[in-house]
Amino acid sequence: GNSVTQMEGPVTLSEEAFLTINCTYTATGYPSLFWYVQYPGEGLQLLLKATKADDKGSNKGFEATYRKETTSFHLEKGSVQVSDSAVYFCALPDIQGAQKLVFGQGTRLTINP
Amino acid sequence: EPEVTQTPSHQVTQMGQEVILRCVPISNHLYFYWYRQILGQKVEFLVSFYNNEISEKSEIFDDQFSVERPDGSNFTLKIRSTKLEDSAMYFCASSVRTGSGETQYFGPGTRLLVL
Chain A
1 GNSVTQMEGP VTLSEEAFLT INCTYTATGY PSLFWYVQYP GEGLQLLLKA
51 TKADDKGSNK GFEATYRKET TSFHLEKGSV QVSDSAVYFC ALPDIQGAQK
101 LVFGQGTRLT INP
Chain B
1 EPEVTQTPSH QVTQMGQEVI LRCVPISNHL YFYWYRQILG QKVEFLVSFY
51 NNEISEKSEI FDDQFSVERP DGSNFTLKIR STKLEDSAMY FCASSVRTGS
101 GETQYFGPGT RLLVL
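Chains A and B, in that order, give the protein sequences. Oh and the first sequence: position 78 is 78 in the working numbering, straight run, nothing missing. Oh and the second sequence: position 23 is 23 in the working numbering, straight run, nothing missing.
It should be emphasised that the hints constitute simulated quantities derived from the structure, not laboratory data. Note that this is a predicted model, so its numbers are computed, not measured. There could be a bad hint or two in this list.
If we take Cβ atoms under 10 Å as the criterion, some of the chain A residues that face chain B in the derived model are [claimed, not checked]: (1) Phe34; (2) Gln38; (3) Gly43; (4) Phe103.
Stretches of chain A that chain B covers, calculated by requiring three or more beta carbons in the stretch to come under 8 Å of a beta carbon on chain B [what the hints assert, rightly or not]: (5) 69-83; (6) 104-112.
Far from chain B by the CB rule (all over 10 Å, computed), these chain A residues [stated by the list, open to error]: (7) Thr26; (8) Glu42; (9) Pro93.
For every residue, glycine included, the Cβ atom is placed at its ideal position computed from N, Cα and C.
Next up, chain B with everything else stripped away, as it sits in the complex (with noise of 0.2 Å):
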């Protein structure tokens, strides 16, 4: 069964240093996400990409954020001055959307810590 992957699974940074996180969605899927969970938290939202472009994007997602899909296949999330406040879960998701809704399958995460 097709699987979302992340790469890395633990990212070790510090303060101030640029992270680039990883993800390859479920091939034949249009729709791509970020969402972190600071531990003990909600998850929450942090991106929506659509046709190589932002759909949403929510407060979180400040100027010190971006995401790219630089080929056909890969989805990256940048964080290019890391805050202690970053360190978190981050997850990828994708979805197709068909006649019956959508449904975002998720990636395993990277846990991004940030000293």
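For reference, chain A alone in the conformation it holds in the complex (with noise of 0.2 Å):
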């Protein structure tokens, strides 16, 4: 089936900050990819996602781009927030027009102040 490789943490950056994440991909097809974000002590929330590739999603100031030539979904901020910290997870369905979802390893962001 599919999988997903997230960059290992945890990071640690400054407030105003720049960040980014890695998630590169195995897949067959081009399936929709997604970033989800646990804070502390909640459930998942879906953080932003593409359906196809080229497409950017963006939600809150992150950004990341479907891009099929490197099989990558990167998580982008430009100027990351304390309220930030969370732990980052990328996910892609299993197989092609599957149901289940394939989650990264997650990658714990802090942000000091």
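Combine both chains into one complex, guided by the hints.
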């Protein structure tokens, strides 16, 4: 089935720094790609998604572009805030047309004031 | 904005006891899922459910696990005889499929601790 590899954490940045969290995938076809975020003590929230190649998903200042050439979906934010401290998960469907999602191992992000 | 809800938020149980985790999916969604996350590990798929039957299940989802949609709103996960290794955060998710694909929305999770 499909798989995803995320940048190992933890990542610690200062407020207003630029953020990149790498995500690369192996997939048959061009499945939708997702970033989910888990804030401390909370569940998984959909952060953004892209449904086809070259799409850019964006939300809350975060962006990720679906790049089929490099099989990547890196998460970026130009200026992080303390409130962005969370665990970020890259995910995609297991196989084309399948229902279940496969998740990366998660990247813990800590932003210091 | 509609949300998936889960109860309880935390559950502590003794090994060998039965637990039922409850979820209320988003009301117009048709596909339902359970995932779990053992502390410090990846989120893992357990089971998917559509049209009142299981559509897919993982190796983890053995005979000790069952799911049910007892009415029009609830979706439950039952573990018949809990083991220590069942301790995890359990997430329910629901989705609806559109022309642009499917997006799963997750609940806040139930943290299960088996002693």
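Consistency of the hints with the structure:
1. Phe34: 7 Å, holds
2. Gln38: Holds. Min distance 9 Å.
3. Gly43: 4 Å, holds
4. Phe103: 4 Å, holds
5. 69-83: This one is violated; 0 residues, fewer than the three required, reach chain B with a Cβ under 8 Å.
6. 104-112: holds (count 3)
7. Thr26: Nearest chain B Cβ is 16 Å from Thr26 of chain A, so the label holds.
8. Glu42: Label violated. Min Cβ-Cβ 6 Å, cutoff 10 Å.
9. Pro93: 8 Å, violated
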